[in-house]
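There are 2 protein chains.
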Amino acid sequence: MTVTWGQGGPDLLVALDREAGSLGSQIQDQLRQAIRDQRLSPGERLPSTRRLAELLGIARGTVVEVYEQLLAEGYVESAVGSGTRVAVIPSPGAMAQRASRVPSAPTSSPRPVDFEYGIPDLRSVPLTDWSWAISKATQTLPTAQLGDEDAAGSRHLRDVITAYHRRVRAGCATAEDAVVVSGFRQGLTFALATLARHGIRRIALEDPGPREHDLIAQRAGMEPVPVPVDDQGLNVDRLRESGARAVLLTPAHQCPTGVALGPSRRRDLIAWADQVDGVIVEDDYDAEFRYDRQPVGSLQGLNSARVIALGSVSKTLAPAIRLGWVLAPPQFLHGIVKEKHLSSRGAPGLDQEALALLMETGRFDRHLRRVREIYRARRDVLADEVAHAFGPGRLQGLAAGCHAMLLLPTGSSERAVAQAAASRGVRVNPLGHYRFQTEDAEPLPPALVLGFGNVTEQEIRRGIRGIAEATRG
Amino acid sequence: MTVTWGQGGPDLLVALDREAGSLGSQIQDQLRQAIRDQRLSPGERLPSTRRLAELLGIARGTVVEVYEQLLAEGYVESAVGSGTRVAVIPSPGAMAQRASRVPSAPTSSPRPVDFEYGIPDLRSVPLTDWSWAISKATQTLPTAQLGDEDAAGSRHLRDVITAYHRRVRAGCATAEDAVVVSGFRQGLTFALATLARHGIRRIALEDPGPREHDLIAQRAGMEPVPVPVDDQGLNVDRLRESGARAVLLTPAHQCPTGVALGPSRRRDLIAWADQVDGVIVEDDYDAEFRYDRQPVGSLQGLNSARVIALGSVSKTLAPAIRLGWVLAPPQFLHGIVKEKHLSSRGAPGLDQEALALLMETGRFDRHLRRVREIYRARRDVLADEVAHAFGPGRLQGLAAGCHAMLLLPTGSSERAVAQAAASRGVRVNPLGHYRFQTEDAEPLPPALVLGFGNVTEQEIRRGIRGIAEATRG
Chain F
1 MTVTWGQGGP DLLVALDREA GSLGSQIQDQ LRQAIRDQRL SPGERLPSTR
51 RLAELLGIAR GTVVEVYEQL LAEGYVESAV GSGTRVAVIP SPGAMAQRAS
101 RVPSAPTSSP RPVDFEYGIP DLRSVPLTDW SWAISKATQT LPTAQLGDED
151 AAGSRHLRDV ITAYHRRVRA GCATAEDAVV VSGFRQGLTF ALATLARHGI
201 RRIALEDPGP REHDLIAQRA GMEPVPVPVD DQGLNVDRLR ESGARAVLLT
251 PAHQCPTGVA LGPSRRRDLI AWADQVDGVI VEDDYDAEFR YDRQPVGSLQ
301 GLNSARVIAL GSVSKTLAPA IRLGWVLAPP QFLHGIVKEK HLSSRGAPGL
351 DQEALALLME TGRFDRHLRR VREIYRARRD VLADEVAHAF GPGRLQGLAA
401 GCHAMLLLPT GSSERAVAQA AASRGVRVNP LGHYRFQTED AEPLPPALVL
451 GFGNVTEQEI RRGIRGIAEA TRG
Chain V
474 MTVTWGQGGP DLLVALDREA GSLGSQIQDQ LRQAIRDQRL SPGERLPSTR
524 RLAELLGIAR GTVVEVYEQL LAEGYVESAV GSGTRVAVIP SPGAMAQRAS
574 RVPSAPTSSP RPVDFEYGIP DLRSVPLTDW SWAISKATQT LPTAQLGDED
624 AAGSRHLRDV ITAYHRRVRA GCATAEDAVV VSGFRQGLTF ALATLARHGI
674 RRIALEDPGP REHDLIAQRA GMEPVPVPVD DQGLNVDRLR ESGARAVLLT
724 PAHQCPTGVA LGPSRRRDLI AWADQVDGVI VEDDYDAEFR YDRQPVGSLQ
774 GLNSARVIAL GSVSKTLAPA IRLGWVLAPP QFLHGIVKEK HLSSRGAPGL
824 DQEALALLME TGRFDRHLRR VREIYRARRD VLADEVAHAF GPGRLQGLAA
874 GCHAMLLLPT GSSERAVAQA AASRGVRVNP LGHYRFQTED AEPLPPALVL
924 GFGNVTEQEI RRGIRGIAEA TRG
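For the record, the sequence lines run as chains F and V.
Residue numbering for the first sequence follows the working numbering, starting at 1 and increasing by one per position.
Residue numbering for the second sequence follows the working numbering, starting at 474 and increasing by one per position.
Please note that the accuracy of each hint is not assured.
[Stated by the list, open to error] What follows is a list of derived Cβ distance ranges for each label pair:
1) V:Gly694 - F:Gly243: 21 to 31 Å
2) F:Glu223 - V:Glu930: 50 to 60 Å
3) V:Glu846 - F:Ser48: 34 to 44 Å
4) F:Asp277 - V:Glu912: 35 to 45 Å
5) F:Gln437 - V:Ser514: 43 to 53 Å
6) F:Asp150 - V:Ala636: 31 to 41 Å
7) F:Ser41 - V:Glu846: 38 to 48 Å
8) F:Asp150 - V:Arg888: 21 to 31 Å
9) V:Glu912 - F:Asp150: 32 to 42 Å
10) V:Glu685 - F:Arg240: 36 to 46 Å
[Stated by the list, open to error] Some chain V residues well away from chain F (every beta-carbon gap over 12 Å; in silico):
11) Arg533
12) Glu622
13) Glu833
14) Glu858
15) Ala860
16) Arg888
17) Pro918
These aren't lab readings, by the way, just hints derived from the structure by calculation.
Cβ coordinates follow ideal geometry from the N, Cα and C atoms, glycine included.
For reference, chain F alone in the conformation it holds in the complex (with noise of 0.2 Å):
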């Protein structure tokens, strides 16, 4: 391909505006762009810097700077006697071949009703608290901690979120005891692959359970195996049966049926960690919202020899706000830090101190009052629609948290009604989705999960009868 390089008229290749700041840079990108086009041919020669300063009226000196650069990033080559020529780029970007993926625009209304699990009310989130928590920890974080933070994370934080567990979640870990992560999933990732660092291999999983466990216990390297639940919780006697060291569940407010671990499955939880010299890891997911009571203690508190309690703030304030801590005896503590410090270096400074800041201050409390009064409304809501439009008795787990079960009619389709939902502008998850994926699972009645955190009175009200309607087919 012979190229024009243009002769006063408009350039092929190089159109140089002359308001839009500098020229070299100018040349250098559209000599790049026409590089990677193709439109200037490996092994073609360049205009000598002379010629080209000349066809583009500039001085020669800024042609000489473009030349140097392209040379230094390997777009030309230049050898004595044979001037500059464009490089042999080995292939061509591939941003041509891409497919476009331009999302698809978005649907008009009405706007659906989103049951989606575990999701807060995001209209709560307090962002002026915030806001203002992140304003003071830029003046008072002391400099040296814009560095990179010590592996465990912010000493602060550490102390305040401590005494928090210790004080909501009757826990009894000090800052010694907990590592500072970037949310639940990114604890979870590092306590598993420590364990199965130390030789723990197998991990029993909740059965129905949270979504995608199983793939990340996969990916630290460790077998799952499901363990049912019934209205008491995680079925201890099968755990040992199941041969596992150790064992993911979440007894504050099981996800997805809602239960509490009951009291004696508790003992008999800590008493099969002994004998099997296992490890409780523990998911305390949505035990800041009770209604009817206190909240139950973290397992940690029982024993914390044996539980590795994880924790976040991404239901208490936002999943935006990505901070967690991993609470965990002293024998695991040096392999989560260290698979931290590889695998990330840490948790933001500034927003760590910023977290610490809004809960030594009680923004944190006040805002978990406030939310908790949306949330019990939202709930009591949810109880009367569905009380009305199935009957009474079918709604399971609502003592605590931001979701519910709703049990189907006998015989019905979860996935047909959910489908069917769905199509009446509501989304909610069949209890199928929680299940884990074995030829012999045990069948559990039709159901769907409602979180029911982030959707308002009204779209409950609205939602709850579309899937009334959905189920009547």
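Following the hints, position chain V against chain F.
Frame of chain F, contents of chain V only:
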């Protein structure tokens, strides 16, 4: 152990402070602690609720609630006809057995000089700008984006980052090619795990090169192999011999030697990748700071189909703002997003929006211009001081970035010099810290790696004098 339950006088187990909030909580906390400490032994019977209420002079209902709570938490058991007894908690908390890990007291003045590598000037972190940006983000971020993020990260930030990378680093990625991560290491971890899943099991690392990358590669399931670095950067001929199908390198300003990858090496590297169907992982470290001329462009711009480019703001803003990016060819993008989704659910949404605003409004560029001048001045002082103390030609890698390599007199032991410097209050890393640990590693001349990002000009002077003294023994 028999316990006195108090009888009007000061109570052994339960001391109530009637000014200090809920009496029920106080009783609960103290009983819980007593059970944990085994001051109340397993099997021991608690007073009846009526009796304890009398003893403490409080309402019986309060005690009933306390017992119910402790029952729910598994601290006590209750059986018809035998009242309430302390439960058998298999093993007490490990807190008492833990070694106390109180950090040692800081040493007194003079403040040591720390030539640690890779730390930016922490006194220049644009905290006011950051605080502004967070505040703005809390006002402008759409509510839905306070929830779990689109797995690739904020679209806004991906647009802004890739525009920046195209403009400043001569890249050619768009938002569709980008994944937001929490910093370089997280990006590296996700990228390597993805390559391993694609069957790429051997990765070449620079020797000398950044510390701990061999460990990170191993944890991702790869075999790291060393490839020597010379005054043109990574030796591509040796890379060919290594049998690796992936290479991780720092082309803009090699860590720790400070050389930029030469133009012909850049082309050879791309050709190698095409020949072996390989992948170049580009650690775009220090690329923003170049003093003599414009930075050499990113390899990603040369061949986006073969390069995974990693960047972060840890060095341009601060390690405490943990955001980075991965620009990846389409075939690896999904895997990287999946790693991110499963192992962390993403980076903080508010921080992402804040960074986008910082870059978009020109504040980021303004900050870079400001610190570039600071680093340039430090670099000049360093060069002067070293020339004065060691003679000419002893510093390498000063054209860019915030570190340089000091070549020590032949025959000296870099380790001994570093130790002797430390005893003079000057911390510096010997080159050996950056070597690959193999039996047959080729020897390199003795040298020290001097990070000058976070030391003042005065400290540089004092530090170099200390090292010079240390060299003389």
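Notebook entry, point to check: So which hints don't hold here, by number, going up?
Noted result: 12
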